[in-house]
Amino acid sequence: DTGVSQDPRHKITKRGQNVTFRCDPISEHNRLYWYRQTLGQGPEFLTYFQNEAQLEKSRLLSDRFSAERPKGSFSTLEIQRTEQGDSAMYLCASSLEGGFYNSPLHFGNGTRLTVT
Amino acid sequence: RKEVEQDPGPFNVPEGATVAFNCTYSNSASQSFFWYRQDCRKEPKLLMSVYSSGNEDGRFTAQLNRASQYISLLIRDSKLSDSATYLCVVNDRAGGTSYGKLTFGQGTILTVHP
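Just so you know, the sequences run in chain order F and E.
When we follow our numbering, the leftmost residue of the first sequence carries the number 61, and every step to the right adds one.
When we follow our numbering, the leftmost residue of the second sequence carries the number 260, and every step to the right adds one.
Read the hints as simulated data drawn from the structure, not as lab findings.
Yeah, the Cβ is synthetic: ideal placement off N, Cα and C, and Gly gets one too.
Hints should not be assumed to be uniformly reliable.
Unchecked claim - Straight-line C-alpha distance at most 30 angstroms; calculated DSBU-like pairs for lysine-lysine:
{"id": "1", "chain 1": "E", "residue 1": "K301", "chain 2": "E", "residue 2": "K261"}
{"id": "2", "chain 1": "E", "residue 1": "K301", "chain 2": "F", "residue 2": "K71"}
{"id": "3", "chain 1": "F", "residue 1": "K131", "chain 2": "E", "residue 2": "K301"}
{"id": "4", "chain 1": "E", "residue 1": "K301", "chain 2": "F", "residue 2": "K74"}
{"id": "5", "chain 1": "F", "residue 1": "K117", "chain 2": "F", "residue 2": "K131"}
To be verified - If we take Cβ atoms under 7 angstroms as the criterion, some of the chain F residues that face chain E in the derived model are:
{"id": "6", "residue": "P103"}
{"id": "7", "residue": "P164"}
{"id": "8", "residue": "G170"}
As the list claims (entries may be wrong) - One-sided and incomplete, this derived list gives chain F residues near chain E with beta-carbon spacing under 7 angstroms:
{"id": "9", "residue": "Q101"}
{"id": "10", "residue": "G102"}
{"id": "11", "residue": "F105"}
{"id": "12", "residue": "Y108"}
{"id": "13", "residue": "L115"}
{"id": "14", "residue": "E116"}
{"id": "15", "residue": "Y161"}
{"id": "16", "residue": "N162"}
{"id": "17", "residue": "F167"}
{"id": "18", "residue": "N169"}
Required output: the full structure, derived from the provided sequences and hints.
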């Protein structure tokens with residue numbers, strides 16, 4: 061399967077702990093996105109990379125969140141000092157940079173985070 | 260005003276019905292538009308891109324109205340399997356200079372019943 065893969069699928073953590081999620085995009089895709097989704101809402105943009113460069117970051121992303129894509133391939137999203145409000149599905153997606161127009165996103169299965 | 264707005268529904272329609280969803284966007288410079296489908300507790304999947312001249316894929320038709328800044332999705336001859344949440348997606352900026360950010364609407368819930 062050469063789709064987007066995310067690890068872990070589920071994570072339960074206690075408030076105040078740090079968590080890290082991993083995303084492996086489709087190999088030829090140079091763009092990688094992170095979204096967060098809660099029940100009844102659409103995916104909320106967090107950040108995206110083009111190759112290893114982080115080009116956009118949501119103002120909603122507090123400094124407890126950090127994402128990296130060190131070699132332009134896989135990416136990690138870390139949440140420090142987790143809060144109950146961080147409980148959500150964290151979705152990763154990848155695409156090809158399409159010049160003036162965006163190429164469609166291909167999503168992974170997501171990581172479901174529960175903060176107790 | 261939200262960047263991308265959709266009527267959350269739910270829309271409850273019988274099999275065979277025609278149903279239409281609209282989605283408005285705030286940035287007149289947006290250039291890329293998509294419709295995604297999301298089944299319960301699954302990841303979103305691309306339904307179709309939306310082109311300036313409008314496009315059709317089987318029972319699904321997408322339209323773009325730049326003057327009024329909205330996109331639409333029409334589903335004809337609804338099937339039970341069309342029951343899902345439909346998300347519109349528009350490209351935008353997050354304060355930077357690129358338009359790589361893709362913003363999702365809240366989603367419209369569709370239930371097709373026998």
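Status of each hint after checking the structure:
The straight-line distance between the Cα atoms of E:K301 and E:K261 is roughly 25 angstroms, inside the 30 angstroms bound, and the hint therefore holds. A hinted pair counts as satisfied when its Cα atoms are at most 30 angstroms apart, and E:K301 with F:K71 qualifies at roughly 16 angstroms. As the CA atoms of F:K131 and E:K301 are separated by approximately 29 angstroms, the hinted pair is consistent with the 30 angstroms bound. With a C-alpha separation of about 25 angstroms, the suggested pair E:K301 and F:K74 falls inside the 30 angstroms cut-off, and the hint holds.
For the hint linking F:K117 to F:K131, the alpha-carbon distance of about 19 angstroms falls within 30 angstroms, and the restraint holds. Taken as an interface hint, F:P103 checks out: its beta carbon lies about 5 angstroms from the nearest beta carbon of chain E, inside 7 angstroms. Hint status for F:P164: holds, given a least beta-carbon distance of 5 angstroms to chain E, under 7 angstroms. A hinted interface residue such as F:G170 counts as satisfied when its beta carbon comes closer than 7 angstroms to some beta carbon of chain E; here the least separation is about 6 angstroms, so the hint holds.
Among the interface hints, the one on F:Q101 holds; its C-beta lies about 6 angstroms from the nearest C-beta in chain E, closer than the 7 angstroms criterion. Look at F:G102: its Cβ gets to within about 4 angstroms of chain E, closer than 7 angstroms, so that hint holds up. Taking 7 angstroms as the C-beta cut-off, the interface hint given for F:F105 holds, the closest approach to chain E being about 6 angstroms. Because the smallest distance between the Cβ of F:Y108 and any Cβ of chain E comes to about 6 angstroms, under 7 angstroms, the interface hint for this residue holds.
Contact between F:L115 and chain E, as hinted, is supported at the beta carbon level, the nearest pair being about 5 angstroms apart and thus within 7 angstroms. At about 4 angstroms, the closest approach between the beta carbon of F:E116 and any beta carbon in chain E falls short of 7 angstroms, and the interface hint on this residue holds. The criterion of a C-beta within 7 angstroms of any C-beta in chain E is met by F:Y161, whose closest approach is roughly 5 angstroms, and the hint holds. Satisfaction of the interface hint for F:N162 is found here, the shortest Cβ-Cβ separation to chain E being roughly 4 angstroms, below the 7 angstroms cut-off.
Nearest Cβ of chain E to the Cβ of F:F167: about 4 angstroms, under the 7 angstroms cut. The hint holds. Restraint check, F:N169 versus chain E: the minimum CB separation of about 6 angstroms is within 7 angstroms; hint holds.
Checked against the numbered hints given earlier, this structure breaks none of them.
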